[in-house]
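Q: The lines below spell out each chain.
Protein chains: 2
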Amino acid sequence: MENPTMKKLDRRCKRTKQAITSAMLALVQEKPCASITVSELAQRADINRKTFYKHYHDTMAVIDEIENELVDKIFSNLNRENVMLDIEDPYPFLRQIGESMRREGERIRILINAGEDTRFSQKLDQALSDMLDTFLKHNTSVDPVVFRFFTTFLGAGLRFIYVQVLMGRTDVPIERYNEMIAELIGYAKRMLHPAVQVPAL
Amino acid sequence: MENPTMKKLDRRCKRTKQAITSAMLALVQEKPCASITVSELAQRADINRKTFYKHYHDTMAVIDEIENELVDKIFSNLNRENVMLDIEDPYPFLRQIGESMRREGERIRILINAGEDTRFSQKLDQALSDMLDTFLKHNTSVDPVVFRFFTTFLGAGLRFIYVQVLMGRTDVPIERYNEMIAELIGYAKRMLHPAVQVPAL
Numbered sequence: 001m002e003n004p005t006m007k008k009l010d011r012r013c014k015r016t017k018q019a020i021t022s023a024m025l026a027l028v029q030e031k032p033c034a035s036i037t038v039s040e041l042a043q044r045a046d047i048n049r050k051t052f053y054k055h056y057h058d059t060m061a062v063i064d065e066i067e068n069e070l071v072d073k074i075f076s077n078l079n080r081e082n083v084m085l086d087i088e089d090p091y092p093f094l095r096q097i098g099e100s101m102r103r104e105g106e107r108i109r110i111l112i113n114a115g116e117d118t119r120f121s122q123k124l125d126q127a128l129s130d131m132l133d134t135f136l137k138h139n140t141s142v143d144p145v146v147f148r149f150f151t152t153f154l155g156a157g158l159r160f161i162y163v164q165v166l167m168g169r170t171d172v173p174i175e176r177y178n179e180m181i182a183e184l185i186g187y188a189k190r191m192l193h194p195a196v197q198v199p200a201l
Numbered sequence: 001m002e003n004p005t006m007k008k009l010d011r012r013c014k015r016t017k018q019a020i021t022s023a024m025l026a027l028v029q030e031k032p033c034a035s036i037t038v039s040e041l042a043q044r045a046d047i048n049r050k051t052f053y054k055h056y057h058d059t060m061a062v063i064d065e066i067e068n069e070l071v072d073k074i075f076s077n078l079n080r081e082n083v084m085l086d087i088e089d090p091y092p093f094l095r096q097i098g099e100s101m102r103r104e105g106e107r108i109r110i111l112i113n114a115g116e117d118t119r120f121s122q123k124l125d126q127a128l129s130d131m132l133d134t135f136l137k138h139n140t141s142v143d144p145v146v147f148r149f150f151t152t153f154l155g156a157g158l159r160f161i162y163v164q165v166l167m168g169r170t171d172v173p174i175e176r177y178n179e180m181i182a183e184l185i186g187y188a189k190r191m192l193h194p195a196v197q198v199p200a201l
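Protein sequences appear in the order of chains V and R.
Here my numbering is used: position 94 in the first sequence is 94, and no number is missing along the way.
Here my numbering is used: position 75 in the second sequence is 75, and no number is missing along the way.
Nothing false has been slipped in among the hints.
Pairwise CB distance ranges (calculated):
1. T37/R with L136/V: 43 to 51 Å
2. V142/R with T37/V: 49 to 57 Å
3. S35/V with D58/R: 17 to 25 Å
4. H57/R with N139/V: 52 to 60 Å
5. R107/V with Q29/R: 29 to 37 Å
6. C13/R with D89/V: 54 to 62 Å
7. D89/V with T37/R: 54 to 62 Å
8. Q29/R with Q122/V: 19 to 27 Å
9. S35/V with E104/R: 31 to 39 Å
10. T140/R with S141/V: 40 to 48 Å
11. T51/V with A182/R: 51 to 59 Å
Straight-line Cα separation of at most 25 Å, DMTMM-like style, residue types lysine to aspartate or glutamate; simulated pairs:
12. K31/R with E65/R
13. K31/V with D117/R
14. K189/V with E179/R
15. K17/V with E116/V
16. K73/R with D117/R
17. K189/V with E183/R
18. K123/R with D171/V
19. K137/V with D171/R
20. K123/V with D171/R
21. K189/R with D171/V
22. K123/V with D125/R
23. K123/R with D125/V
24. K31/R with E116/V
25. K31/R with D117/V
26. K31/V with E116/R
27. K50/V with E40/V
28. K189/R with E179/V
29. K189/R with D89/V
30. K137/R with D171/V
Calculated directly from the structure, the hints in this document are not laboratory data.
Computed from a predicted model, the values in this text were never measured in an experiment.
The C-beta atom is built at its ideal place from N, Cα and C for all residues, glycine as well.
With the hints as constraints, model all of the structure from the sequences given.
A: Now the structure itself:
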């Protein structure tokens with residue numbers, strides 16, 4: 001199984017891709033994505049065009065891969081098999097998302113500044129929607145309309161707050177936001193338990 | 001006070017501006033905003049360029065005005081002096097926003113399709129932020145950090161849901177969403193009343 005030659009090739013391939021993505025992230029800070037050429041990108045990554053085409057179809061495929069990796073990393077903080085566990089006890093996954101943001105924040109900030117926020121948001125929405133589909137297939141005890149509303153509504157709120165933090169538009173630290181988000185989810189999750197009666201305020 | 005000549009001029013001015021905005025909304029469905037020229041716009045509105053410049057500095061000023069008017073209309077559904085009243089009893093303003101969306105939905109949809117959603121969102125955020133500033137200046141009994149978090153988090157959720165409805169990405173009717181949003185706010189608002197104890201689920 002352990003083929004040293006394959007392993008070496010794999011490592012080299014990974015290094016080349018890393019050089020390409022780093023070059024892309026540098027270039028999108030200088031000019032619009034659409035105007036970046038393969039030649040420029042290859043030159044910046046210190047590879048030739050032929051090598052570039054071994055890994056990617058075009059320049060947008062590089063952006064696409066960076067975004068997909070970020071979406072995967074963000075969602076890896078959630079309990080994909082049973083998102084209800086995260087709703088019941090949101091603080092652990094919120095703290096992990098906070099840590100992911102610290103590690104990956106710079107890349108996300110570059111993408112947002114490059115005007116990629118709409119595409120990136122759509123990918124996050126799609127990943128959330130896929131996760132909910134899987135969850136709802138196996139959990140027939142929740143109302144799918146209420147559950148889908150609840151998760152997408154709160155997901156949009158989460159995204160808004162984290163973008164504010166990432167873009168430096170707020171002085172409130174992410175830990176304080178996570179406490180408030182956890183508290184809000186703690187109250188709001190009652191709508192997923194219609195049988196439980198709570199006194200009116 | 002009632003000067004019939006002025007009134008007539010006012011009406012004519014309004015009609016000209018309406019012709020220009022209608023022409024703009026038609027053109028952004030055909031080509032990118034940035035490539036629309038004043039000549040094209042004037043021709044489509046059936047006015048001359050000189051008349052255009054009497055009303056607007058450039059083509060983007062037309063988009064800007066359309067967006068500002070929409071933001072004003074959306075916020076006119078809220079109790080601007082005391083947004084807490086809307087939080088305590090959200091259903092009336094949600095129903096009104098639903099009606100505004102029905103009336104103004106087509107314009108908003110055109111702007112979103114034209115890629116104006118980021119700018120439009122920023123204007124909504126700014127309007128919300130201004131409203132909160134005014135509210136917090138006169139209400140020292142709420143924690144400003146919690147209150148600002150609560151309203152912007154829920155505001156982002158609301159925007160997400162209404163965009164889904166507007167863009168036809170959901171089969172759930174807006175009335176059902178408004179019921180769910182009102183229920184969610186009803187639970188979540190407890191975080192604004194820290195003194196009230198509620199039993200844990």
